[in-house]
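Can you build the whole structure from these sequences, using the hints too?
Number of protein chains: 2
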Amino acid sequence: MPSPSGPDPTRRSERSRRAILTAAVELLGETGYNELTIEAIAARAGVGKQTIYRWWSGKGAVILDALSDAALAVDASMPDTGDIRTDLYAIIRPTVAELADPRLSATSRALSIETLSDEALAEQVRDRLLRPQLDAVKDRLRAAQLADQVRADVDLDQAVELLFGPMYYRWMFRTGPLSQEYADDVVDLALAAFGIARA
Amino acid sequence: MPSPSGPDPTRRSERSRRAILTAAVELLGETGYNELTIEAIAARAGVGKQTIYRWWSGKGAVILDALSDAALAVDASMPDTGDIRTDLYAIIRPTVAELADPRLSATSRALSIETLSDEALAEQVRDRLLRPQLDAVKDRLRAAQLADQVRADVDLDQAVELLFGPMYYRWMFRTGPLSQEYADDVVDLALAAFGIARA
Numbered sequence: 001m002p003s004p005s006g007p008d009p010t011r012r013s014e015r016s017r018r019a020i021l022t023a024a025v026e027l028l029g030e031t032g033y034n035e036l037t038i039e040a041i042a043a044r045a046g047v048g049k050q051t052i053y054r055w056w057s058g059k060g061a062v063i064l065d066a067l068s069d070a071a072l073a074v075d076a077s078m079p080d081t082g083d084i085r086t087d088l089y090a091i092i093r094p095t096v097a098e099l100a101d102p103r104l105s106a107t108s109r110a111l112s113i114e115t116l117s118d119e120a121l122a123e124q125v126r127d128r129l130l131r132p133q134l135d136a137v138k139d140r141l142r143a144a145q146l147a148d149q150v151r152a153d154v155d156l157d158q159a160v161e162l163l164f165g166p167m168y169y170r171w172m173f174r175t176g177p178l179s180q181e182y183a184d185d186v187v188d189l190a191l192a193a194f195g196i197a198r199a
Numbered sequence: 001m002p003s004p005s006g007p008d009p010t011r012r013s014e015r016s017r018r019a020i021l022t023a024a025v026e027l028l029g030e031t032g033y034n035e036l037t038i039e040a041i042a043a044r045a046g047v048g049k050q051t052i053y054r055w056w057s058g059k060g061a062v063i064l065d066a067l068s069d070a071a072l073a074v075d076a077s078m079p080d081t082g083d084i085r086t087d088l089y090a091i092i093r094p095t096v097a098e099l100a101d102p103r104l105s106a107t108s109r110a111l112s113i114e115t116l117s118d119e120a121l122a123e124q125v126r127d128r129l130l131r132p133q134l135d136a137v138k139d140r141l142r143a144a145q146l147a148d149q150v151r152a153d154v155d156l157d158q159a160v161e162l163l164f165g166p167m168y169y170r171w172m173f174r175t176g177p178l179s180q181e182y183a184d185d186v187v188d189l190a191l192a193a194f195g196i197a198r199a
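Chains as they are written, first to last, in UniProt numbering: chain E, 1 to 199; chain D, 1 to 199.
Just so you know, these hints were derived from the structure itself, not from any lab.
There may be inaccurate statements among the hints.
Below, computed lysine-lysine pairings styled on DSBU-like, alpha-carbon distance capped at 35 Å [unchecked claim]:
# : chain 1 : residue 1 : chain 2 : residue 2
1 : E       : Lys59     : E       : Lys138
2 : E       : Lys49     : E       : Lys59
3 : E       : Lys59     : D       : Lys49
4 : E       : Lys59     : D       : Lys59
5 : D       : Lys138    : D       : Lys59
6 : E       : Lys138    : D       : Lys138
7 : D       : Lys59     : D       : Lys49
8 : D       : Lys59     : E       : Lys49
Derived coverage of chain D by chain E (criterion: at least 3 residues anywhere in the stretch with Cβ under 8 Å from a Cβ of chain E; other residues may be distant) [to be verified]:
#  : segment
9  : 118-126
10 : 141-148
Glycine is no exception: its CB is placed at the ideal position from the N, C-alpha and C atoms.
This is the structure in structure tokens:
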């Protein structure tokens, strides 16, 4: 027997929310961030524009939620083979490859623009998208520190930025190639800074 | 006796160009990049909007020219005291201090947004604003390499990005404080990567 008040509004909201986020990710892949509009997301999701604006301030906020949901679904933990160099290659190579791909990096580009333009969104990008990855790498470096593979006096917050900062800079300002060889060089240079000479 | 064809049009153009660039820099300091408009620049410079659009594609391009002129006026060469650590402190401390200041870094923010949004402008920002500074630091590191203060196998392009990348990352994603202590740590960590232990 249907409830006299109709379908549960919470479940209906959750269904709309998922439809909107799915539509946003699909359209992002099809058209890229610049061409993405709230109108197109609403049409694809089968909701009204005002439904989206009730929950989100704009397309940056919608994409942030969509990517956070996706990130939560992926295990953020790092591999731990016992060899820090092997494990850092495994995390930095795909990150560089993603930045080297204009299609895959379109989202990073979009979120970087929003981060630079919107203070509130910047904090969310940092806390919901970047932090989980940075913390996973930091945990792995802490284990390496305990195993005497990283100097004890290395600040681990600075250490993760030494890994991610140079490649973001190179990607953002296009100062050089983003090849796998470069990815490995980034790791080797950082490890030299952490006190580990190349074998 | 005035020339029958009136004032020299090249000189008149140069005077307008300078007035526009000066107005742009003044307004940037007063209102910030987001509020900056071509209309306001034109009004301040005493020219028509169409004069600006004849020479520039938008405010990003005007600001880039204004800053390139200013950069040319500053000597891009590095100090060379013979001690690479001292010299790197001298260049990295003010760079971090500028990024830490919301007013001073508004321009970097604006140019970063334009760089991420506009491919043609990205190349100009890199070649006209970043390259001169990166090359000066690279030359200083090359001298340190010849003086056996930096390992011979260090790639100097990667070396300069190891200095500038982490602080841009921290500034952009607000992952930590931009203090003078941090600036010195960046230099010390990079020098450790280049093969120089802290004295």
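Right, here's what the structure says about each hint:
1. Restraint check for Lys59(E) and Lys138(E): satisfied, since their Cα atoms lie roughly 31 Å apart, inside the 35 Å limit.
2. As the CA atoms of Lys49(E) and Lys59(E) are separated by approximately 11 Å, the hinted pair is consistent with the 35 Å bound.
3. Proximity of Lys59(E) to Lys49(D) is assessed by CA-CA distance (about 31 Å); at most 35 Å being required, the pair is judged to hold.
4. For the hint linking Lys59(E) to Lys59(D), the alpha-carbon distance of about 24 Å falls within 35 Å, and the restraint holds.
5. Under the criterion of a C-alpha separation no larger than 35 Å, the hint pairing Lys138(D) with Lys59(D) is consistent with the structure, at around 31 Å.
6. Annotation: proposed proximity of Lys138(E) to Lys138(D) holds, straight-line Cα distance about 30 Å (limit 35 Å).
7. Only pairs whose Cα atoms come within 35 Å are accepted, and Lys59(D) paired with Lys49(D) is accepted, the gap being roughly 11 Å.
8. With a C-alpha separation of about 32 Å, the suggested pairing of Lys59(D) with Lys49(E) holds against the 35 Å cut-off.
9. For the segment 118-126 of chain D, the proposed coverage by chain E is satisfied: 4 residues have a C-beta within less than 8 Å of a C-beta in that chain, meeting the threshold of three.
10. Counting residues of the segment 141-148 of chain D whose beta-carbon sits less than 8 Å from any beta-carbon of chain E gives 0, not enough to reach three: the coverage restraint is violated.
In summary, the structure is inconsistent with hint 10 from the numbered list given earlier, while agreeing with all the others.
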